[in-house]
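Participant: Sequence:
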Amino acid sequence: MSTQTPESFEWTDLDRRAVDTARLLAADAVQKVGNGHPGTAMSLAPAAYTIFQKVMKHDPADPEWTGRDRFVLSPGHTSLTLYTQLFLAGYELELDDLKAFRTQGSKTPGHPEYGHTAGVETTTGPLGQGAANAVGMAMAARYERGLFDPEAPEGTSPFDHMIWAIVSDGDLEEGVSAEASSLAGHQKLGNLVFLYDDNHISIEGDTETAFSEDVLKRYEAYGWHTQRIEPTADGDVDVPALHAALEAARAETGRPSIIAMRTIIAWPAPTARNTEASHGSALGDEEIAATKRVLGFDPEQTFEVSDEVLNHARRALDRGAEAHAAWDKKIAEWRTAQPERAELFDRVSKGELPEGWQDALPVFEEGKSVATRAASGKILQALGPVLPELWGGSADLAGSNNTTIDKTSSFLPKGNPLPEANPYGRTVHFGIREFSMAAEMNGIALHGNTRIYGGTFLVFSDYMRNAVRMSALMQLPVTYVWTHDSIGLGEDGPTHQPVEHLASLRAIPGLNVVRPADANETAIAWAEILKRHATDPAPHGLALTRQGVPTYAPNEDAAKGGYVLADSSTEVPEVIIMATGSEVQLAMAARDALEAEGTGARVVSMPCVEWFDQQPAAYRESVLPAAVKARVAVEAGIGLTWYRYVGDAGRIVSLEHFGASADANALFAEYGFTPENVAAAARASLAAARA
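Quick note: the sequence shown uses the numbering used here, first residue 1, plus one each step.
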């Protein structure tokens with residue numbers, strides 16, 4: 001899509017009429033359903049229209065086009081800001097979809113949803129996360145360029161594109177946006193532009209109730225390029241000034257940009273403008289009719305869109321086709337010049353893995369004591385050379401998380417003084433910003449063409465939780481590396497010892513929590529996660545030990561989420577002991593004690609209950625026969641996960657309270673995580689099953 005320079009910028013009566021059409025469509029849609037957020041969609045209509053019609057490179061006929069710019073509407077409550085532009089530009093939305101706003105099964109839900117509506121790049125709603133998603137997209141765009149076309153002069157590569165985001169007061173008040181904006185400035189993400197809707201209104205009224213800092217000075221301190229534009233004399237957006245600011249932001253390639261745009265919410269509604277009521281309530285029939293009179297529309301009509309306006313706006317399809325054709329020519333030239341990179345691009349864009357990639361996976365020696373976090377680090381370093389699309393890092397805990405895929409290559413911008421700094425580097429330093437790391441990883445996954453992971457301690461997944469939930473909601477293939485997964489971390493004490501976290505994370509629908517028993521299960525888990533990237537996209541959380549655990553012979557059934565690690569001496573086991581992670585060794589020792597007593601005991605390692613539950617019923621029955629009522633589950637966390645697996649006669653060896661600062665072995669012994677206690681629980685379960 002060709003963009004207009006400030007000198008060639010045109011703003012016609014039809015453009016103005018299209019903007020006013022969008023304002024009134026928003027008002028009518030909210031009025032029809034009886035709920036929603038009309039005010040911001042009305043005041044932002046000129047800005048959104050300018051981005052979609054005059055600035056952004058996109059093709060409404062191909063919303064997934066690799067060469068497109070990305071657009072993020074971070075304040076998802078004003079979803080009509082986006083829906084009206086998708087409709088006008090010729091995406092897959094039509095007028096009936098706007099009329100069905102916020103109703104069951106419509107393409108226009110209350111907040112934009114990725115994968116549900118064409119042209120929606122991310123699900124937004126929880127404020128601040130869209131801003132962080134946009135930062136992740138900008139990071140991914142740079143890494144993608146490094147994969148496929150690193151030598152091209154700036155602005156000449158088919159992989160050069162922009163990330164445009166509208167952000168609100170609410171977004172900028174949320175801490176996650178501060179974390180992400182700080183990282184964006186540090187990374188000098190010159191392909192990122194925030195348009196800040198400075199409308200001075202929140203649900204509780206004037207933002208003076210809670211928000212008075214100078215936002216642009218804050219962003220200047222972050223290292224951003226800053227601009228401000230004021231409204232016209234009558235209170236509307238100054239469109240030529242906005243366009244010039246957007247183009248200046250595009251031209252600033254050494255820093256991310258933010259444009260503070262003062263708007264009047266619900267402009268030009270005669271009495272609702274500049275009121276908190278217009279933020280989240282329908283305007284009412286009389287106010288909408290009055291607004292239509294102000295704008296020269298028929299007050300008796302609803303959802304009025306003239307053919308002339310629609311034909312004018314849908315020229316975006318022609319401009320998109322032109323831009324796409326120009327990009328196709330450029331990518332064809334690149335393919336000819338870079339055949340090996342073109343082959344890599346084709347593989348990566350399909351989500352495929354290279355032939356023989358699993359040969360790089362290490363196999364760990366049986367019997368050795370290895371921490372699963374250490375095993376994960378060795379796996380990443382082994383996979384790095386064969387999977388260039390795999391990158392990631394840690395929230396300043398790389399030495400503890402073992403997440404450094406390449407010590408010689410850090411994802412850092414030109415000008416960074418560190419010797420390993422490389423704008424296309426493999427290892428990401430997210431900083432002590434867990435929440436934004438997760439939201440940025442979502443943005444990286446949404447951007448596509450790479451595979452991202454990020455690490456911290458399991459206990460700090462609390463900081464990340466809402467972004468992890470969004471990973472699951474969007475079914476994004478991001479990998480969380482959560483280490484120090486139990487009281488086994490020892491002396492750092494209860495502030496750092498996760499107790500409720502495994503069960504809490506398993507409660508998130510669509511998130512697969514993987515707690516491998518040993519180094520070989522860790523390798524099999526990583527392989528399964530990589531295989532599922534394209535075929536069954538979902539977020540995964542690896543919960544890994546700080547302390548060493550015994551290594552068992554590799555068993556590929558670990559990829560099924562649960563399997564028989566050691567079977568009973570009897571044809572049918574008398575008791576089944578299930579365990580995860582570092583507690584599997586306790587189950588194995590308890591089995592030996594029970595077998596020595598003549599009790600047939602089976603050990604089931606259950607690294608991922610979500611994977612196990614996806615298996616055919618026959619397989620699950622073969623692992624956990626329904627006829628075996630005596631069961632024990634062992635996990636160093638709350639037992640909430642395990643009640644449905646152990647049944648009425650079952651017993652759970654769990655931790656239902658916080659830990660303490662002490663040696664890990666002492667804590668395990670004090671809290672009952674011993675082979676003797678597990679065996680005693682098995683005997684109790686046997687007695688209950690026989691009663």
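Note that these hints are calculated values from the structure, not bench results.
Certain hints may be false.
[Claimed, not checked] Restricting the straight-line Cα-Cα distance to at most 30 angstroms, the calculated cross-link-like pairs of lysine-lysine (BS3-like) are:
1. Lys-350 <-> Lys-368
2. Lys-368 <-> Lys-560
3. Lys-560 <-> Lys-350
4. Lys-330 <-> Lys-217
5. Lys-560 <-> Lys-531
6. Lys-629 <-> Lys-560
7. Lys-407 <-> Lys-350
8. Lys-350 <-> Lys-329
9. Lys-368 <-> Lys-531
10. Lys-350 <-> Lys-531
11. Lys-414 <-> Lys-217
12. Lys-414 <-> Lys-368
13. Lys-560 <-> Lys-378
14. Lys-407 <-> Lys-378
15. Lys-350 <-> Lys-378
16. Lys-368 <-> Lys-378
[As the list claims (entries may be wrong)] Cβ-Cβ distance ranges computed for the label pairs, FRET-style:
17. Thr-66 <-> Glu-340: 24 to 32 angstroms
18. Trp-11 <-> Thr-66: 27 to 35 angstroms
19. Ala-534 <-> Phe-211: 25 to 33 angstroms
20. Glu-556 <-> Glu-151: 28 to 36 angstroms
21. Ala-618 <-> Phe-211: 36 to 44 angstroms
22. Glu-64 <-> Thr-156: 40 to 48 angstroms
23. Asn-35 <-> Pro-362: 31 to 39 angstroms
24. Glu-308 <-> Leu-344: 46 to 54 angstroms
Ideal Cβ positions, reconstructed from N, Cα and C, are used throughout, including at glycine.
Participant: Give a verdict on every hint.
Facilitator: Verification of the supplied hints:
1. Lys-350 <-> Lys-368: violated, 38 angstroms
2. Lys-368 <-> Lys-560: Judged against 30 angstroms, a Cα distance of about 24 angstroms means the pair holds.
3. Lys-560 <-> Lys-350: holds, 24 angstroms
4. Lys-330 <-> Lys-217: This hinted pair is violated, its Cα atoms lying about 40 angstroms apart.
5. Lys-560 <-> Lys-531: holds, 13 angstroms
6. Lys-629 <-> Lys-560: Status holds; Cα separation ~22 angstroms.
7. Lys-407 <-> Lys-350: Answer holds: Lys-407 to Lys-350 is near 28 angstroms, not above 30 angstroms.
8. Lys-350 <-> Lys-329: holds, 21 angstroms
9. Lys-368 <-> Lys-531: holds, 27 angstroms
10. Lys-350 <-> Lys-531: Holds, because 12 angstroms separates the two Cα atoms, which is no more than 30 angstroms.
11. Lys-414 <-> Lys-217: holds, 24 angstroms
12. Lys-414 <-> Lys-368: violated, 43 angstroms
13. Lys-560 <-> Lys-378: holds, 23 angstroms
14. Lys-407 <-> Lys-378: holds, 12 angstroms
15. Lys-350 <-> Lys-378: holds, 27 angstroms
16. Lys-368 <-> Lys-378: The given pair, whose Cα atoms are some 15 angstroms apart, holds under the 30 angstroms limit.
17. Thr-66 <-> Glu-340: 24 to 32 angstroms: violated, 18 angstroms
18. Trp-11 <-> Thr-66: 27 to 35 angstroms: holds, 31 angstroms
19. Ala-534 <-> Phe-211: 25 to 33 angstroms: Taking Cβ atoms as reference, Ala-534 and Phe-211 lie about 42 angstroms apart, which means the hint is violated.
20. Glu-556 <-> Glu-151: 28 to 36 angstroms: Roughly 41 angstroms apart at Cβ, these two residues miss the hinted range, so it is violated.
21. Ala-618 <-> Phe-211: 36 to 44 angstroms: violated, 58 angstroms
22. Glu-64 <-> Thr-156: 40 to 48 angstroms: violated, 23 angstroms
23. Asn-35 <-> Pro-362: 31 to 39 angstroms: violated, 55 angstroms
24. Glu-308 <-> Leu-344: 46 to 54 angstroms: holds, 47 angstroms
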